[in-house]
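All chains should be built: construct the whole structure from the sequences, respecting the hints.
Protein chains in written order, with this note's numbering: chain A, 1 to 445; chain B, 1 to 474.
Just so you know, these hints were derived from the structure itself, not from any lab.
These numbers come from a predicted model, not from an experiment.
Just so you know, even glycine gets a beta-carbon here, dropped at the ideal spot from N, CA and C.
Keep in mind that the hints are not guaranteed to be accurate.
[Stated by the list, open to error] Calculated from the model, a selection of chain A residues having no Cβ within reach of chain B, i.e. all distances over 10 Å: (1) G109; (2) A158; (3) Q188; (4) D210; (5) R381; (6) T387.
[Unchecked claim] No farther apart than 25 Å at their CA atoms in a straight line, the calculated lysine-lysine pairs in the DSS-like style are these: (7) K170(B) x K409(B); (8) K474(B) x K170(B); (9) K211(A) x K409(B); (10) K409(B) x K140(A); (11) K211(A) x K474(B); (12) K474(B) x K409(B); (13) K335(B) x K170(B).
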Amino acid sequence: MDSTEISRRRFLLASGTAVAAIHAPRVWAQAAPAGTRPAGPGRLVVVFLRGAYDGLSALVPYADADYYSLRPNIAIAAPDGSAQTALRLDNTFGLHPALAPLLPLWQQGVLGFVPAAGLPVPNRSHFDAQYQMEIAQSGKTSAAPGWLNKVAAFNGSATSAIGVGEANPAILAGTATVRLIPRGQAAQRTGVLANDTTRQALLDLYAGNDKISEAFRQGAGSRMQSAQELSTEQKAADGRRMAATQDNTARVDAALPGTQAQNAQMLAASNGAADPVGLQLDAQHLGTLMRNDRQLRIGFLSAGGWDTHANQGHATGQLAGRLGNLATGLAQLRRDFSETGDVIVVMSEFGRTAAENGSRGTDHGFGNAMWLIGNRINGGRWHGQWTGLARGNLNDNRDLPAHHDYRAVLAQLLRGSFALPDSALATVLPGVSWDTRLDGLLRKA
Amino acid sequence: MPPHRPPTATALLLALPLLAGSPVFSQQADTGAAAAWRATSRLGYGPSAATAPAAQAGARAWALQQLDAAYAASQRAPAIPAELARFNQPVNQIAADFHAEREARRLARQASASAAPAAMPGNADNFSREMQQSAAAWRLMACSDPAVEQPLLARMTEFWFNHLNVFVGKGPVRPFVGHYAVNVIRANALGKFEDMLLASARHPAMLFYLDQAQSNVRGLNENYARELMELHTLGVNAGYTQNDVRELARILTGWTVGLQQGEAFRFAPRLHDTGDKVLLGRSFSADGLREGEEAIRMLARHPATAQRIALRLATTFVTDQPPRVLTDRLAATFKRTQGDIRAVMRTLIESPEFWAADNTLFKTPLDFACSALTAGGGARERREIQLTLGFLAQAGQPMHGWQTPDGYKTDAATWLAPEALTRRADYAMALGARMDDPLYLQTFLSAASRERITRETPALRAGLTLASPDFMRK
Numbered sequence: 001m002d003s004t005e006i007s008r009r010r011f012l013l014a015s016g017t018a019v020a021a022i023h024a025p026r027v028w029a030q031a032a033p034a035g036t037r038p039a040g041p042g043r044l045v046v047v048f049l050r051g052a053y054d055g056l057s058a059l060v061p062y063a064d065a066d067y068y069s070l071r072p073n074i075a076i077a078a079p080d081g082s083a084q085t086a087l088r089l090d091n092t093f094g095l096h097p098a099l100a101p102l103l104p105l106w107q108q109g110v111l112g113f114v115p116a117a118g119l120p121v122p123n124r125s126h127f128d129a130q131y132q133m134e135i136a137q138s139g140k141t142s143a144a145p146g147w148l149n150k151v152a153a154f155n156g157s158a159t160s161a162i163g164v165g166e167a168n169p170a171i172l173a174g175t176a177t178v179r180l181i182p183r184g185q186a187a188q189r190t191g192v193l194a195n196d197t198t199r200q201a202l203l204d205l206y207a208g209n210d211k212i213s214e215a216f217r218q219g220a221g222s223r224m225q226s227a228q229e230l231s232t233e234q235k236a237a238d239g240r241r242m243a244a245t246q247d248n249t250a251r252v253d254a255a256l257p258g259t260q261a262q263n264a265q266m267l268a269a270s271n272g273a274a275d276p277v278g279l280q281l282d283a284q285h286l287g288t289l290m291r292n293d294r295q296l297r298i299g300f301l302s303a304g305g306w307d308t309h310a311n312q313g314h315a316t317g318q319l320a321g322r323l324g325n326l327a328t329g330l331a332q333l334r335r336d337f338s339e340t341g342d343v344i345v346v347m348s349e350f351g352r353t354a355a356e357n358g359s360r361g362t363d364h365g366f367g368n369a370m371w372l373i374g375n376r377i378n379g380g381r382w383h384g385q386w387t388g389l390a391r392g393n394l395n396d397n398r399d400l401p402a403h404h405d406y407r408a409v410l411a412q413l414l415r416g417s418f419a420l421p422d423s424a425l426a427t428v429l430p431g432v433s434w435d436t437r438l439d440g441l442l443r444k445a
Numbered sequence: 001m002p003p004h005r006p007p008t009a010t011a012l013l014l015a016l017p018l019l020a021g022s023p024v025f026s027q028q029a030d031t032g033a034a035a036a037w038r039a040t041s042r043l044g045y046g047p048s049a050a051t052a053p054a055a056q057a058g059a060r061a062w063a064l065q066q067l068d069a070a071y072a073a074s075q076r077a078p079a080i081p082a083e084l085a086r087f088n089q090p091v092n093q094i095a096a097d098f099h100a101e102r103e104a105r106r107l108a109r110q111a112s113a114s115a116a117p118a119a120m121p122g123n124a125d126n127f128s129r130e131m132q133q134s135a136a137a138w139r140l141m142a143c144s145d146p147a148v149e150q151p152l153l154a155r156m157t158e159f160w161f162n163h164l165n166v167f168v169g170k171g172p173v174r175p176f177v178g179h180y181a182v183n184v185i186r187a188n189a190l191g192k193f194e195d196m197l198l199a200s201a202r203h204p205a206m207l208f209y210l211d212q213a214q215s216n217v218r219g220l221n222e223n224y225a226r227e228l229m230e231l232h233t234l235g236v237n238a239g240y241t242q243n244d245v246r247e248l249a250r251i252l253t254g255w256t257v258g259l260q261q262g263e264a265f266r267f268a269p270r271l272h273d274t275g276d277k278v279l280l281g282r283s284f285s286a287d288g289l290r291e292g293e294e295a296i297r298m299l300a301r302h303p304a305t306a307q308r309i310a311l312r313l314a315t316t317f318v319t320d321q322p323p324r325v326l327t328d329r330l331a332a333t334f335k336r337t338q339g340d341i342r343a344v345m346r347t348l349i350e351s352p353e354f355w356a357a358d359n360t361l362f363k364t365p366l367d368f369a370c371s372a373l374t375a376g377g378g379a380r381e382r383r384e385i386q387l388t389l390g391f392l393a394q395a396g397q398p399m400h401g402w403q404t405p406d407g408y409k410t411d412a413a414t415w416l417a418p419e420a421l422t423r424r425a426d427y428a429m430a431l432g433a434r435m436d437d438p439l440y441l442q443t444f445l446s447a448a449s450r451e452r453i454t455r456e457t458p459a460l461r462a463g464l465t466l467a468s469p470d471f472m473r474k
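Laid out in structure tokens, this is it:
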């Protein structure tokens, strides 16, 4: 289509050296960089931020004066050590203060970023762009399997992928069987399946060979297993929490009389170990199920609400709240996914405009930061190209360019830490080229 | 009545072998239990004890009657129980009450800061929540009880609400969602598409949801303009550009809400960009409010819009991957009648594809809940409504609760998931425990399901009927 071709050309002009990567021949035949082959098969967790999160608020280019002139009301202030400013990462970037729980991971060298990645061609439709990213193909609107499902299919007949939260996300849809569990506490409940009579009656009703019956039987088995594992884990956690609270309370009681002691008890309970909620609980569920079943090597989580067109806030506010929840969830994930080959990747369909709009928010843009967490990630630094926010360096004079195809980032992970064979890579990420500028992304095994 | 095209003989002949292959039913396309199940489940939320006999006698005639009945009902005020009716009071009153709620909350914050207990006038500070709950309760009553709402009108209200989605979780949208469902969607659900589109553009729920209320000549907000073309009308591949998005946003500057002035919709000339604009090749010179009205009508009448809506209707009412011949036929009626929804629906009902047994559909969670409630005689009690709202939220289809403007998907690829099916059984058994065995449904079940259900104790039968694989299809 003409408009696509025009915007593609404009993109190529704007993004300079990205041209080489896009026009390069497919190079799966090329050997992986020396020493980057995995020692053993790792696990991959994809966290998808639906709605296009504002990467320029998360990974703050504080040293770029253009950042502050483009965003007079919503920029995150340059680091000065206080809580209302960015957390310094290096001479170029800082972290949003709400992402403080992730700072230790950067300092340990296990958190890295690719600051300007995205689709090969700009697409400002959330739904189209998300779908493209979920099937890892561009320009296709008909049904296609999700790329995580394709990865799962290479694991043989065993179920190797699990998704938490969404009914049936496109990224996991396809021929391979996947496990899908709901968000929140519901995942711990067996429901009517706990009653032997009812369960048997239901299984009798679903004894057929049709698709719905097969799905029900599979769902019944997987749900009983999930619920049992998760509720067992929850009871153990409750036990630990209660013990900790009683311990704190005993000390507090000795010091404080009456109602003050009660308040202190509540405080101890919530500060000490609050019941995890939201993304953190889902992350915990994912961690438990993938720990118990080592065939599960692929995890998927998503979080919505990132489409901040108005009043997105700055160090505090709407976006800061979401980033804070995300950071808690990621810190939880990192606790469960910290084995050698484990990688957590955070991605979103596109970035937002470099400049703020007329309502202290941001509109749909293009390139965005991808986050990578894992022992194999060459972290404590960022990777790939970054050309700042000077007007001439922006895509269409308004957005970060996508210097790197998001699939080239995924290719590094799938090849290097997940041990997907090259023949499989060409199927999972069709048409993508190896991007040698990202070769430092992984540490040598 | 608009003219309509009867299905061709060839099309009917092609459909017949498919019907013969149907595992359960071998009757003619539009009579008997299978056709009645299809018609009542797709053009409503399943057979009720009252509607089942008429639909079984002749599903096609029944379906066509529904169209006229639904249109007539859409022109009358809805039946909203008095205790819920506040969500449908005049929109200016909702705006005033919402303003009062915000004031009450502000005072409460001040009071708690000064440690003095706040005196709340009535329940002013819970106004939005009450509006949200009332609207959701009414939607469930409407989808499950023909005495409350004509079933096809409830179905069309769901369809168009989803197409022009607003999200109840966004603060200022919240109190207006029920009013939007009734006065923008229901009132136009079988009328002219462009009237509904314009009504949505002027409603506070939409103006707040996609941030149009905040866009102005000094600072554009592209959100509404983009989704208006991408989702409400043309579709993402219709050839518009980023520049068209900006031009449309400029045309719409000044379209806002005037809560302070006690107005729901307000065109503010001072906020309007009076420069020249070009949208999809057409020039717009300074003409205030009329620029936006003309742009919206132009988008509504665009051929790409007809195709997009035809596809969405066909996937919702016929099958997940509808044949092009069907969507072309629906689009042709849409174009010929300038977007007369009733005429398009007539074409759909008269299409052989609608009745072809191979064109299967799997119920969404909302379909499932509404049809289960229908089987029990309709949602009445608070307990049932709470149970249902909880089920919907957990199943991923909360009432008025889809955050993004694309609306819920309707296909099996989205909703047919193993563990999710077992959670439908939880809901079915809980609901079934509260109702009499819906014996009238037996005729719609396969022999195998009927036999297995009657083997169980009577107390389980209603729940198992609702939880059966037969009940998952529509």
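For Q188(A), which was marked as not at the interface, is the minimum beta-carbon distance to chain B over 10 Å? holds, 12 Å
A158(A) remote from chain B - nearest C-beta pair above 10 Å: A158(A) is indeed farther than 10 Å from all Cβ atoms of chain B, at 16 Å.
Is the nearest Cβ of chain B still more than 10 Å from the Cβ of G109(A)? holds, 36 Å
Against the 25 Å threshold, does the CA-CA distance of K474(B) and K170(B) hold or violate the hint? violated, 32 Å
Is the Cβ of R381(A) farther than 10 Å from every Cβ of chain B? Check passes; 34 Å lies beyond 10 Å.
Mind checking the alpha carbons of K211(A) and K409(B) for me, to see if they're no more than 25 Å apart? Holds, at about 20 Å.
Agreement of K474(B) and K409(B) with the hint, judged by alpha carbon distance not exceeding 25 Å: holds, 16 Å
Would the non-interface assignment of T387(A) survive a Cβ cutoff of 10 Å against chain B? About 21 Å separates T387(A) from the closest Cβ of chain B, which puts it past 10 Å; holds.
For the pair supplied as a hint, K170(B) and K409(B), is the alpha-carbon distance within the 25 Å limit? holds, 20 Å
According to the definition I'm using, a residue is off the interface if its beta carbon is farther than 10 Å from all beta carbons of the partner; does D210(A) meet that for chain B? Check fails; 7 Å does not lie beyond 10 Å.
Agreement of K211(A) and K474(B) with the hint, judged by alpha carbon distance not exceeding 25 Å: holds, 15 Å
Would the pair K335(B) and K170(B) pass a check requiring their Cα atoms to be no farther apart than 25 Å? violated, 35 Å
The structure fails to meet hints 4, 8 and 13 from the earlier list, while all remaining hints are met.
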